[in-house]
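All chains should be built: construct the whole structure from the sequences, respecting the hints.
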Amino acid sequence: MVLSGDEAVAQAALDAGVAGAFAYPGTPSTEIMEYLQEHIGEAAGAAGTVRVAQWCANEKTAYESALGVSFAGKRAMVSMKHVGLNVAMDPFVNSALVRIHGGLVVVVADDPGMHSSQNEQDSRLLAEFARIPCFEPSDQQEAYDMVRLAFDYSEAHEVPVLLRITTRLAHARDLVTTAPARAVSDMGKTGDTYAWVLMPAMARRQWAGLLAKQAVFRADADAASRLELGSNELGVITCGLGRAYYMENEDDWAQAHGGERPTHLHIGRYPVGTEKIGALASRVGRVLVVEEGYPYVERDLRGIFGAPLPVAGKMTGEIPLAGELSADSVRAALGLSPREAVAAAAIEVPGRAPQFCQGCPHADSFIALKKALEGEVEFFAASDIGCYTLSALPPWNAVESCVDMGASVGMARGAASVGQKRAIGVIGDSTFYHSGMTNLIDAVKYRTPMTLLILDNGTTGMTGAQPTISATSRLPRLLEGLGVEKEHIRALEAHRRAIEADAAAIREELAYDGVSVIVMVRECIEWLKKARKS
Amino acid sequence: MTCDIILCGVGGQGGLSVSVVIARAAMAAGLHVKQSEVHGMSQRGGEVLAHLRISDREIYSPTIPKGKTDIIFAFEPLEALRYLSWLSVERGTVVAAMVPILNIPNYPDIDSVFGEIRKIPRARLIDADTIAKEAGNVRSANLVLVGAAADLLPVPPKAIEKEVEALFSRKGEAVVQANLKAFELGRHIQHA
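Protein chains in written order, with our numbering: chain S, 1 to 534; chain V, 1001 to 1192.
FYI, nobody ran anything at the bench for these hints, they're computed from the structure.
Each hint should be verified, as a subset may be incorrect.
[To be verified] Which stretches of chain S does chain V cover? Using the computed rule of at least three CB atoms under 8 angstroms from a CB of chain V, they are:
{"hint": "1", "region": "168-180"}
{"hint": "2", "region": "326-334"}
{"hint": "3", "region": "343-356"}
[Said to hold, decoys possible] Have a look at the derived ranges for each label pair, beta carbon to beta carbon:
{"hint": "4", "chain 1": "V", "residue 1": "A1029", "chain 2": "S", "residue 2": "G335", "range": "34 to 42 angstroms"}
{"hint": "5", "chain 1": "V", "residue 1": "H1191", "chain 2": "S", "residue 2": "A346", "range": "22 to 30 angstroms"}
{"hint": "6", "chain 1": "S", "residue 1": "R532", "chain 2": "V", "residue 2": "D1127", "range": "26 to 34 angstroms"}
{"hint": "7", "chain 1": "S", "residue 1": "D442", "chain 2": "V", "residue 2": "D1129", "range": "49 to 57 angstroms"}
Virtual Cβ for every residue (Gly too), placed ideally from N, Cα, C.
Right under this line is the structure:
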């Protein structure tokens, strides 16, 4: 089958007999759940077997659902983008200490180069932080194979396994050979519930057990790494997709070195084993480390006292520390001259930033907001993660912050609590359910004078219009339940024809000395298109 | 044999489906294929870019190294200029549609854009929209471009036609026919 990395992961989970898969949308991981939802119905399963693939309110809730599936004795997968793992950090780190029953695979898609993210954190370090094994495929086939292996490994060692992929792997397509599907296994509920009660006495025992497993993880990672002996001048260590960029240039290096290839060690599992690295180091004069993300293996190689032989990589600048790898950057690090290329255009080629879709309801909301703030000098418009963040750019220049999911509510509240006038949070409905609600409870508790604009388009638009976890019609009741005063919950139509009235309503609520929430309602254009198609 | 192709345009132009057509035709011919695209922020009027790599040997990098690209298909002329340094000096060329998408305030003078494209050896500037209308569907402009470069592709036109039929069949016979016609009209453009 021709599959993207995301699809290969999803297909492997189906073929591995996954019973429960959970996720919150986030580029570049979204297509895993989309594929699962499309295909889980047709996947093999014994009659009466229940298999679910569900979008959840956020990554933490998704993770905890997956944990419950494991407890119940079935295979579980939770998938997210790298920053989603920050949200799920609590269940993630603590799930390392329970006695995993049904296999639990945590798929995290990192975004080096920040194609569609606010940072480029490296999830391999978080796997180490939780002390669990991390698998990192180098292509789509390996993504498929590793997911299947990860389920087995998770059950054999009773720990979650993190599968780390990156944007290019997630979104590139290649031919993948699948293996026969296995049925959904049902081991029944765990027989060792004490190992799931992380009170101090039990947690200490579980922690000791987890620490004892580290040597096994290392040895298994070592056995799985691939050492190909070659030149004793240069040793290249590749991780994940780094292998592809290295292999793209290997022939040229060999040609420049009398036909001899570098000694090459490929690492696809962590914590890193030591034997093969030792074998490589004892053979070569210098080492180049090619890894996507942080200099993680490289840092270990150098240690504090320094490596016994020269090491090149991101810490010494042969490979850029920021951004994603490419065949070109790896080529330069190998000391090969760049390929001759056509000259860049002689005229300036301006960038083309993404924009609101034609007819987007957000655009009308921001026209109304700007109108409401006309002539005002003192205000703070905090924003959040979603299509509406585009309003930070010209010609809008409407919002002033974008940090993490739900931060608009908390930041507006925090600023208002110390005297910031006209503190406004601007958040989408999906992001509000994800992480905005708890901040609003804080605001209600302290009667913080702030106004929250919930741009309710009924969908998670930025990632391709997945359904929001709760319906628009239920939002006002939810806000009331959170304690927002009924007369300061306003539902407005986000539409060109209502701009004057909307702006007046926003002005009124900005003048209120307490918590007010304005819900700007209109469906996402992309969502409508998608709904019409299906 | 390797054939590295960049497909670029502006979000909403549908260039990625053309990538699928060429990729499937190559796979059916038993060739190795790797396709790479970036989703997310690149939608909605922003730059859209896909890499398509075809070879009779194993392909490693999902993206094309600089200086290796054989063909840039630009569904919008300015977008072609963004990726010139990916073009191979010996083999590389540009096949670009002529109609600009003017959704930015600082779009350069269109004649200077055409001038830059014409500097590339064997470059083909195609009035794809007009030809697509002639084919019966303006949305088939991308296939006009593919037709205009059919002689440069590592798969025969018949194989492309077969995949066009397969891909567009669920949209109805009229769409299939318009796209086939667009491809054919593209193939018959005389290049200087």
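Taking the hints in turn, this is what the structure says about them:
Figure legend: the region 168-180 of chain S, annotated as covered by chain V; annotation consistent (7 residues with Cβ-Cβ distances under 8 angstroms, at least 3 required). Counting residues of the region 326-334 of chain S whose CB falls under 8 angstroms from any CB of chain V gives 4; the rule of at least 3 is met. For the region 343-356 of chain S, the proposed coverage by chain V is satisfied: 14 residues have a C-beta within less than 8 angstroms of a C-beta in that chain, meeting the threshold of three. The hint said 34 to 42 angstroms for the Cβ distance between A1029(V) and G335(S), and at roughly 37 angstroms that hint holds.
The hinted window of 22 to 30 angstroms between H1191(V) and A346(S) holds, with their beta carbons roughly 23 angstroms apart. For R532(S) and D1127(V), the hinted distance range of 26 to 34 angstroms is satisfied, since their beta carbons lie about 32 angstroms from each other. A C-beta distance of roughly 54 angstroms is found between D442(S) and D1129(V), which places it inside the suggested range of 49 to 57 angstroms.
Checked against the numbered hints listed earlier, the structure breaks none of them; every hint is satisfied.
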